[in-house]
Structure formats: structure tokens, C-alpha cells
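Participant: Line by line, the protein sequences are chains A and B.
48 is the number that numbering that gives the first Met the number 0 gives to position 49 of the first sequence; each next residue is one higher, with no gaps.
37 is the number that numbering that gives the first Met the number 0 gives to position 38 of the second sequence; each next residue is one higher, with no gaps.
Mixed in with the good hints there might be a few duds.
What the hints assert, rightly or not - Using 20 Å as the maximum straight-line C-alpha spacing, the simulated EDC-like pairs for lysine to aspartate or glutamate come out as follows:
id, chain 1, residue 1, chain 2, residue 2
1, A, Lys130, A, Asp149
2, A, Lys88, A, Asp66
3, B, Lys112, A, Asp155
4, A, Lys131, A, Glu151
5, A, Lys88, B, Asp61
The hints are simulated quantities; they were obtained by calculation from the structure and are not laboratory data.
Residue-level listing of the chains:
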Amino acid sequence: MTQATANGGPVLEIRGLKTHFFTRDGVVKAVDGVDLTVEAGEIVGLVGESGCGKSVTSMSVLRLVQDPGRIVDGSIRFQGTDLLGLSDKEIRNIRGDRISMIFQQPISSLNPVYTAGFQIAEVYRVHRNMKKGPARDKALEVLREVGIPDPERRIDAYPHELSGGMAQRIMIAMALAAGPELLIADEPTTALDVTIQAQIIDLMRDVREDLGTAIILITHDLGIVAEIADRVAVMYAGEIVEEADVETLFTDPKHPYTRGLIGSIPVAGARREWLDVIPGRVPNLIDLPPGCRFAPRCRARLENDLTICTEREPALLDVGENHTARCWLYSEGRR
Amino acid sequence: MLIGILALVFALARLIPGDPCRAALGERATDEICEAYNERYGLNEPIYVQFGIYLNDIAHGDLGESFRFGVPVTELLVERLPTTIELSITALLIAVVVGVPLGIISGYRHNSKTDVATMIGANIGVAMPVFWLGLMLQYVFAVLLRDTPLALPPSGKLDAGLIPTPFYEVWGWPMNGFTEFLAKFTVMNALVTFQWEILSSAMLHLILPAVALATIPMAIIARMTRSSLLDVLGLDYVRTARAKGLAERTVVVRHALRNAMLPVVTVVGLSFGALLGGAILTETIFNLAGVGKTLFDAITSRDYTVVQGFTLVVAVGFVVVNLVVDMLYTYLDPRVRVS
Ligand SMILES: Nc1ncnc2c1ncn2[C@@H]1O[C@H](COP(=O)(O)OP(=O)(O)OP(=O)(O)O)[C@@H](O)[C@H]1O
Ligand SMILES: [Mg+2]
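Input sequences plus hints: build the corresponding full structure.
Facilitator: Spelled out as C-alpha cells, the structure:
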């Protein structure tokens with residue numbers, strides 16, 4: 000593996016990304032103006048409820064969104080290069096080599112008819128033009144690096160012969176094979192049980208320490224984010240609603256949605272009368288409410304008796320040092 | 000399994016209504032003649048005794064003697080089985096070679112014009128009665144296009160007057176039941192002995208019946224390939240393959256297609272059954288003396304032993320083909336490999 004090199008600026012810079020799905024029922028605005036920056040070697044947590052557009056955002060980075068989805072606006076700069084302007088061939092050369100992805104269901108993410116080793120070796124074959132034999136040797140090497148027990152045997156295993164945790168390690172090995180500068184992990188632990196989750200999280204932390212790989216970690220488990228991320232972006236209905244470094248976000252969340260999210264983490268040992276869940280559901284991404292997308296569910300809006308919330312969309316405002324939130328509560332003094 | 004097939008075949012043959020004696024010897028055969036006839040072929044014995052005798056004979060490789068032609072059934076088989084095998088294999092080849100790529104194109108470019116056209120074609124193909132298609136093909140290629148370069152022979156195995164030399168004569172091999180059987184594969188025989196005129200005539204004669212026979216399986220295979228590929232293209236590991244940076248072609252061929260072919264392989268095996276059924280009609284229409292036509296004639300004339308013998312061979316053929324399919328499946332899918 001090569002040491003990831005950073006040339007000063009951020010590894011990834013997403014600006015105004017809009018990815019819409021043109022379905023029969025209407026245009027699903029799954030991602031609707033997302034800004035996100037990832038510095039070299041940084042771990043950024045991307046959190047939010049199911050369906051808020053986390054996966055679509057990450058798929059957009061590698062331009063893997065399939066019909067009827069399309070990136071309709073924005074720019075995605077990877078080390079200065081606009082990924083949206085590349086040819087199909089050029090973006091393919093980046094996929095799996097300089098930016099790679101792992102997914103939620105590790106077993107179904109591996110092709111059932113090929114061995115783990117074959118699927119890892121493919122990365123070397125396509126990106127390093129290696130022949131089968133040497134590519135396999137490299138695959139064995141990377142399996143060792145991610146700490147897979149008994150790699151000589153695992154390399155010839157088929158996916159159905161692997162446990163979920165083992166399959167996810169294989170996926171990570173595959174993702175790291177070419178030594179990428181950026182790893183996008185889309186809920187890498189959601190399908191695994193708790194002890195295995197911890198191992199996978201440790202592995203990702205090691206990856207960042209040892210290889211300097213920047214990581215976007217998508218999850219709805221705030222516990223994992225608190226444990227490993229440097230910075231957190233909170234997504235709601237296709238938008239980033241709050242972004243801050245991990246400490247600030249957990250100690251001083253600004254957006255009512257983030258507060259709700261943090262409030263709804265069950266704390267072991269702490270006795271609570273009721274679990275603080277956010278009322279209501281994520282809005283339909285076809286017919287979005289006018290104004291703030293969270294307004295219909297927002298308790299703070301009622302408490303403060305704000306009418307603007309249902310009329311105009313708030314912008315992402317600075318609410319502290321390196322801390323932004325998209326909420327009218329914080330705009331008064333600034334207008 | 001085998002005994003089951005045997006019992007079924009035996010019972011089915013006897014269930015055909017009608018009297019074998021009168022069917023074979025004509026309506027005006029007298030009772031005395033029929034009595035003698037039944038005596039000769041053991042038809043007076045109780046049915047279970049007949050079955051016992053039948054089993055015993057089969058164990059000795061004896062399929063009995065045709066009531067109608069007075070020759071052993073095995074001899075008829077040697078004579079006629081190769082025609083059917085050649086016809087079925089050609090038809091299956093056409094079905095696979097045309098059906099699979101069509102299915103792939105439609106599946107990959109689904110909802111495109113090609114897809115819509117192929118699927119309309121496939122649905123018509125499935126619904127088309129074989130005999131009607133056979134007659135239409137004969138009409139178009141032998142009547143409408145007669146005397147054009149596109150004309151194709153509508154019946155028989157070879158042009159009149161052509162007599163192939165069996166390969167065992169050319170090579171100086173002994174003539175026995177087995178070499179005789181092999182020599183009846185007209186196309187193969189002509190090919191290995193360089194009888195080009197015979198080869199081209201045999202192949203031209205095969206085209207129309209094979210196409211008629213191939214249509215339904217081809218349509219089924221194309222539809223299956225399409226839907227299977229569509230399913231697979233949406234799966235997680237295809238996304239992984241793309242995220243890895245593989246070329247689209249590699250993603251489709253290496254990662255999607257191999258998995259998508261699994262159900263298709265099963266369908267190919269099953270269509271072989273339909274193919275054998277279709278062979279009865281096709282051979283009758285195109286006047287090919289194969290298993291299908293023989294079976295058809297035997298059923299009409301209550302020639303029990305022939306019906307039994309030929310059905311048995313067809314059933315065994317079906318089992319063998321599906322065994323091959325299972326082996327192929329095991330090769331393609333590691334999940335079913337026994338450790
Ligand atoms: N192929 C598609 N066609 C139409 N809509 C889609 C499609 N794929 C995703 N969407 C929509 O995009 C929105 C965002 O989906 P996405 O998968 O990014 O959510 P997510 O935040 O990753 O959720 P989860 O936590 O469940 O993975 C969803 O509301 C979904 O309905
Ligand atoms: Mg997701």
C-alpha cells in the first residue's frame with residue numbers, strides 16, 4: 000500500500016450537490032444542495048435518519064448513482080479535480096484506486112461465485128495491470144494487513160463461507176488494496192453484532208493512523224461517531240443541517256434536529272422517564288414543505304413561536320468556530 | 000427412479016385406447032387372427048405378468064419387438080434416434096446462441112427499442128404453435144422462395160439420390176450396432192468422412208425443422224436471461240464491482256452474467272423436455288424419420304413395445320440432460336458444491 004499523499008488542500012470538497020431521482024411519481028430530491036469538506040486523514044461522520052440521502056451522497060461522489068437518479072447540480076472536487084467533469088474512463092480509474100467504498104451488507108456485497116482472493120486481486124489487476132498470480136500475492140498481503148486470521152485459507156473462501164464480520168474485513172481489504180486517499184464507509188457495521196462492530200471500528204481507526212486515509216463514515220449510530228470521528232455532519236431530508244467537530248456537536252448541538260438525535264441515544268445506566276424521540280417522520284422528498292424541512296417536526300419552533308420557519312428556508316449559518324447550523328433560531332442577531 | 004419411469008411408461012402405453020391387433024393388422028382382422036397375434040406378443044397374459052416380462056427383457060437390453068414392423072425396437076432406435084438427437088441439439092444450439100444474447104441485450108438496455116422488440120418477439124414465439132410455425136416455414140422457404148437462393152428443403156434428411164457412406168466403411172472399422180448407430184448421425188458422419196455434398200445437404204435439411212423446434216425454447220431462454228440479468232444488475236455485488244473501478248463490460252460479463260446464467264442453465268435443461276415434445280410434431284411435419292415421428296406413428300397404431308421403448312429412451316435422455324445441467328450448475332455456483 001502506498002502512503003496516501005495530501006497536497007495541502009482538502010481531499011474532498013462537495014459543493015451544492017444535488018442528486019435527484021426522476022421517478023414516475025415525481026422528482027425525488029434525495030440530495031438537495033449538500034456541502035461537505037473532508038481534509039486529508041480526517042474521519043468525518045455523516046449521520047441522519049434513514050432515507051435522508053446519506054447513501055445517495057456517497058454514491059454521487061463515485062458517480063455510481065444509477066437510473067433514474069442523476070446528479071443535477073453542484074461540484075465534487077477530489078484533490079482539486081472536479082469528479083463530475085471526468086470522462087467515464089477517468090472516473091473508473093479513481094474508483095477503487097484513490098477513492099473506495101464499503102457497504103452495509105458485506106456478504107451480499109461480495110460476488111457469491113468468486114473467492115475473496117479473486118475479488119481483492121481484481122483491484123490490482125485493473126488498477127496496477129497485474130497478472131493473476133502477482134495480484135493474488137498482493138491480495139494475500141493486504142489480507143494480512145487488515146488482520147484477517149488464517150489469510151492463506153480465507154483467500155480461497157467463497158463469500159457464503161464467511162461470517163459477516165469476516166466478509167466486512169474482506170471488503171475493507173479490497174477497499175484498501177490500492178491505498179486510496181479516501182474511504183467511504185456506508186454503514187459498515189450496521190449489519191454486524193456489537194463485538195464485531197467494535198473490531199471493524201478499531202480496524203478503520205488503524206487504517207487512518209497507519210495509512211493516513213481520510214474516511215467518510217456514514218452511520219446512524221451516534222455512539223460510533225462519538226468514538227471515532229473528528230468531525231460530524233448531520234443530514235436531514237437531503238441537506239446538511241449542522242456540522243461541527245465531534246466534541247462541539249455532542250456538547251453543544253445547535254440544530255433542534257441534532258439535539259433530538261443526541262437526546263434519543265439511550266444512555267446505559269441512566270434512568271429516563273421516556274426515550275427522547277423526535278416526533279413525526281422524514282418528509283416525503285418529492286413534495287418538500289416550504290421553509291425549513293424540519294419545521295413540521297420542530298418543537299423549538301413552537302416554543303419560540305417562529306413563523307418564518309414554515310415560510311423560508313434557513314441558510315447554513317455560522318453558530319460558532321467551525322460550527323454551522325441551518326436554523327432560524329440562530330439568525331436573529333445576524334440579520 | 001428408473002423403475003418408476005418404467006412403470007409409468009408401461010402404464011401410459013396401455014392407457015392408449017384401442018386394440019393393438021386391429022390397429023396393426025387392420026379393422027378387418029378376424030378374431031382368430033387376433034387371438035394368435037395376442038398370443039404371439041404375450042398380450043393375453045395378465046397385465047402384471049406382462050410388466051414382469053417387460054422388466055426382465057429390459058434388464059437384458061431387450062426392448063421387445065415392434066408389433067407393426069416385426070423388427071426389434073432397439074433396431075428402430077439405432078435407425079431413428081440419431082436423427083432426433085441431431086435435430087434437438089441443433090435446435091438447442093440455435094435457441095441458446097440466439098436466445099441468450101438477445102436476453103442479455105434486452106436486460107442490459109431494458110426498456111430500449113431492442114428490448115421491447117425482443118420481448119414482443121419472445122412472447123409471440125412462446126405462444127406460437129410448433130406445427131403452425133413449421134407449416135409457415137415450409138410455405139415461405141419452400142414455396143414462396145422456391146428457385147431463389149434462399150429456398151430451403153421442407154422435408155426429409157437429404158436430397159433424393161444422395162446416399163451417405165458410413166464412416167466405418169471409409170475407415171475400415173467393423174460394422175456393428177454401435178458403429179451403425181453412430182453412422183446415422185448424418186451431419187457428423189459426413190463431416191468426419193469429408194462428404195461435403197452430403198454435409199451441406201444434411202445441414203440445409205436441418206435448418207427449417209431446427210428453427211421451428213428452437214423457437215419456443217429460444218423465446219423462453221431470452222425472457223429468462225433478460226429478467227435474470229435485470230435482477231442481478233441491481234444487486235449489491237454489482238455495485239461493488241463498479242465501485243472497484245472495473246470496466247462496465249467486465250462488470251456485466253464477469254460479475255453479473257455468470258450469476259444471471261444460473262437460472263438460465265436450469266431453464267435450458269427443462270426446455271430440453273419441451274424440445275423432445277416438440278420433436279414429435281416437428282418430425283412429423285418435416286417428414287424426418289426420428290424418434291418423434293416413430294412415436295407418433297406407434298401411438299396411432301397401438302404399437303405398445305415401440306411406444307414403451309421410445310418413451311423410455313426419451314425419458315432417460317431427459318434425465319441425462321438434466322444431470323449434465325446439474326453438473327454445469329455445480330461448476331458455475333460454488334454455493335451448491337458439496338465440500
Ligand atoms: N433508485 C431510487 N429511486 C427513487 N428514489 C430513490 C432511489 N434511491 C434512493 N432514493 C431515495 O433517496 C432518498 C435517500 O436515500 P438514501 O439511500 O441516500 O438514504 P440513507 O440516508 O442512506 O438511508 P439509510 O440510512 O436507510 O441507508 C430516499 O428517500 C430514497 O427514497
Ligand atoms: Mg444508506
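Participant: Determine for every hint whether it applies to the structure shown.
Facilitator: Here's how the hints hold up against the structure:
With a C-alpha separation of about 24 Å, the suggested pairing of A:Lys130 with A:Asp149 is violated against the 20 Å cut-off. Taken as a hint, the A:Lys88 and A:Asp66 pair is honoured in the structure, with Cα atoms around 19 Å apart against an allowance of 20 Å. About 42 Å separates the Cα atoms of B:Lys112 and A:Asp155, which puts this hinted pair outside 20 Å; it is violated. Note on A:Lys131 and A:Glu151: the hinted pairing holds, with a Cα-Cα distance of about 16 Å set against a maximum of 20 Å.
Our distance criterion of 20 Å between C-alpha atoms is broken by A:Lys88 and B:Asp61, whose separation comes to about 66 Å.
Checked against the numbered hints listed earlier, the structure breaks hints 1, 3, 5; every other hint is satisfied.
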